[in-house]
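**Q** Sequence:
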Amino acid sequence: MDYFKKLSDLLKMERKEDRQSYTAFTQRSSVNERRTNGITWYPVAIRGSEPARGDYLTVEFERTTNLDVVHQFRFGMPAALFSNHDAQQDRIEGTISYQGGNTLKITLNTDELPEWSRNGKLGVDLLFDEGSYDELESALKTASQLMEKEKEDRLIKVLTGENPAVFGEEMAITQGSLNASQAEAVKKILSAKDLAIVHGPPGTGKTTTLVQAIKTLWSRDRQQILVVAPSNTAVDLLSEKLSAEGLNVLRVGNPVRVSERLMSLTLDSKMATHPRMKDVKKMKKQAADFKNMAHKYKRNFGKAERDQRKALFDEAHKIMKEVGNTEQFISDDLIARAQVIAATLIGANHFTIKKLRYHTVVMDEAGQALEPAAWIPALKAQKLILAGDPFQLPPTIKSMEAARDGLSTTLLEKSIALHPESVVLLEEQYRMNEQIMGFSSAVFYENRLRAHPSVASHLLNTGEKPLEFIDTAGCGFEEKSEGTSISNPEEAAFLIKHLHRLVVTLKEHYSLDNFPTIGVISPYRQQVLLMKEYFSHVKNLATLSDKISINTIDSFQGQEKDIICISMCRSNTAGQIGFLSDARRMNVAMTRARKKLIVVGDSATLSRFSFYADFIAYAEEKNAYHSAWEFINE
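Going letter by letter, the sequence shown gives residues 1 to 634 in my numbering.
Hints are supplied without guarantee of correctness; some may be wrong.
When the alpha-carbon atoms are kept at most 30 Å apart in a straight line, the in silico BS3-like pairs for lysine-lysine are as follows [as the list claims (entries may be wrong)]:
no. : residue 1 : residue 2
1   : K241      : K284
2   : K241      : K193
3   : K318      : K285
4   : K157      : K12
5   : K141      : K398
6   : K480      : K149
7   : K507      : K539
8   : K141      : K121
9   : K480      : K539
10  : K157      : K121
11  : K547      : K465
12  : K398      : K5
13  : K497      : K507
14  : K5        : K121
15  : K532      : K547
16  : K16       : K193
17  : K282      : K310
18  : K121      : K285
19  : K354      : K241
20  : K141      : K285
21  : K321      : K281
22  : K193      : K398
23  : K16       : K321
24  : K157      : K5
25  : K6        : K193
26  : K310      : K321
27  : K121      : K12
28  : K354      : K157
Ranges between beta-carbon positions, derived for each pair [what the hints assert, rightly or not]:
no. : residue 1 : residue 2 : range
29  : M293      : K321      : 16 to 24 Å
30  : E401      : G474      : 38 to 46 Å
31  : S269      : D513      : 52 to 60 Å
32  : D314      : Q223      : 42 to 50 Å
33  : T484      : R257      : 54 to 62 Å
34  : K321      : T543      : 55 to 63 Å
Simulated from the structure, these hints should not be mistaken for lab results.
Bear in mind the structure is a predicted one, so any value in this text is a computation, not a measurement.
Every residue gets a Cβ at the ideal spot worked out from N, C-alpha and C, and that includes glycine.
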């Protein structure tokens, strides 16, 4: 079967499953449930509005309560404004044109706010994102058409395995602060004609390597570079670091991390300071004034008034057309002058940059990129740099069938298998004590990881061992199913009590200012909620709430803490471990720790899976194995 036809079929399965589960959830859930799941802001207040291009209105909203609830609102997604007065009838749809902090701008499909927006409480619902799937399908269709042409883009044939990757002469570089494998990766990127891959295990300085490579590429080629990643957070990090190195970075879309430096890199911010924006503001005010005058004519008026109303609207539309032309000029000017354009994978098709092509595209966190999404920026490149780690978290896929049939395999994994000569493994890590690193290095990285001398033997001031596996087998800590999630109340209580003991010891050696950072992790959301609940009742821990974070494994990707405590949760006679069988998830969890890793779990359940049996054996070998019974009666 044609390469892209198969991918397209898998994507259709994923789209169908995603749409069905989204629709089912929104139909059966209350506004509070939708808010908790991050797809509704309620209540919201209107903070302002201004005319947008065409017959549209951009309205700014602010959420006024529940400010700490994590949400999924992102630039470019479809959304609907609703009133609690009649949420089914009183709705108007639009597209998110800005999201930052607790502020949201939506360009609504109307030129004025409806009457009902002045009554009752307002909220905003995210709608199912058909547009993103359309973008993915369009990319696969384009790639398939290019494959059929005689003189198609060479990169497609390399990425699909028909052609080998080609390299030119290696260029000498100034190694500077880079270690040997990082310098090797930069050389590989510079010499690649079409594909280079940076395999960056946890803590190995992948971002540092990419920043140096991008700087060197720009110095050599003087050609605009596109930098992309699947998540806004990863794009933000690279944008900030590249800007700090003196490159002119244009961040397309809206940053998640609302820092002043990042905001100043966005197109909106750069447009706001452009000299021609004074003209735009004047024209927008004129257009708004004409529309307001026109709206003063109510229902009962004659021909003269009707003509006057039409003339006012015509004038407003004419001015807004001129606004559009001026904004387009400003936008084109800023885009042309950018040295680096940074966006998410789908953001690479943002209307402002959709038609651009690049000599080099750099894709970070490629191990988390759904392959159809990776093709959006890949089709814009002559040369593609993939960076990531196939042994950390994979992309999120809703359809189990599509995942089984190949959608879960990323372009990064395929490219590593097809072109091993393109890959450089970063071998020196700057995060973990070597005992914490050792197991991960053996299982995932062929024992090639080395701990830099600055971290190899670093410990907490208390002299605490860097590794502990605490076995709850035989303690009667049974897991419980709650909806689609699992919890283990006794294990949660045990872990929080164990953490309390550790904190009491640490307080003798650290002040509040230099207290170690702590991450408490579980694969299961329900277990996380339980641990947060227990945590809130321990006064000694509550005073350290800014030093301790409790969350799921997935939310910890890319983070690091001095101490990591993991509640494995699973404990049953059938030996079922569910999605813990994806060892990549545990690789992420275990490699977040700098100085101490504590894993609490039931060996009788876990060790039926060889990965965990090997980890328990590793803990025993390092004299890091304990039974929970040793602590229960303390």
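**Q** For the hint 38 to 46 Å, verify it against the beta carbon of E401 and that of G474.
**A** The hint (38 to 46 Å, Cβ to Cβ) holds, given that E401 and G474 are roughly 39 Å apart.
**Q** Hint check: K282 vs K310, CA-CA at most 30 Å. Holds or violated?
**A** With a Cα-Cα distance of about 22 Å, the restraint between K282 and K310 holds, given a limit of 30 Å.
**Q** Is K354 within 30 Å of K157, Cα to Cα?
**A** This hinted pair holds, its Cα atoms lying about 23 Å apart.
**Q** What's the verdict on K141 and K285, does the C-alpha distance respect the 30 Å limit or exceed it?
**A** The hint is violated at about 43 Å.
**Q** Checking one constraint from the list: CA of K121 to CA of K12, max 30 Å. Satisfied?
**A** violated, 37 Å
**Q** Compare the distance between the alpha carbons of K507 and K539 with 30 Å, and conclude whether the hinted pair is satisfied.
**A** holds, 14 Å
**Q** For the pair we were handed, K157 and K5, check the Cα-Cα distance against 30 Å.
**A** holds, 15 Å
**Q** Is it true that the C-beta distance of S269 to D513 lies inside 52 to 60 Å, as the hint says?
**A** About 34 Å separates the Cβ atoms of S269 and D513, which means 52 to 60 Å is violated.
**Q** For the pair we were handed, K318 and K285, check the Cα-Cα distance against 30 Å.
**A** With Cα atoms ~13 Å apart, K318 and K285 stay inside 30 Å; holds.
**Q** Would you mind confirming whether the straight-line C-alpha gap from K193 to K398 stays at or under 30 Å?
**A** violated, 36 Å
**Q** Would the hint linking K547 and K465 be met if the CA-CA limit is 30 Å?
**A** holds, 20 Å
**Q** Can you confirm whether the C-alpha distance between K141 and K121 stays at or below 30 Å?
**A** It is violated: about 44 Å lies between the C-alpha atoms, which goes past 30 Å.
Hint compliance for this structure: hints 1, 6, 8, 10, 14, 16, 20, 22, 23, 27, 31 and 33 are broken, all remaining hints hold.
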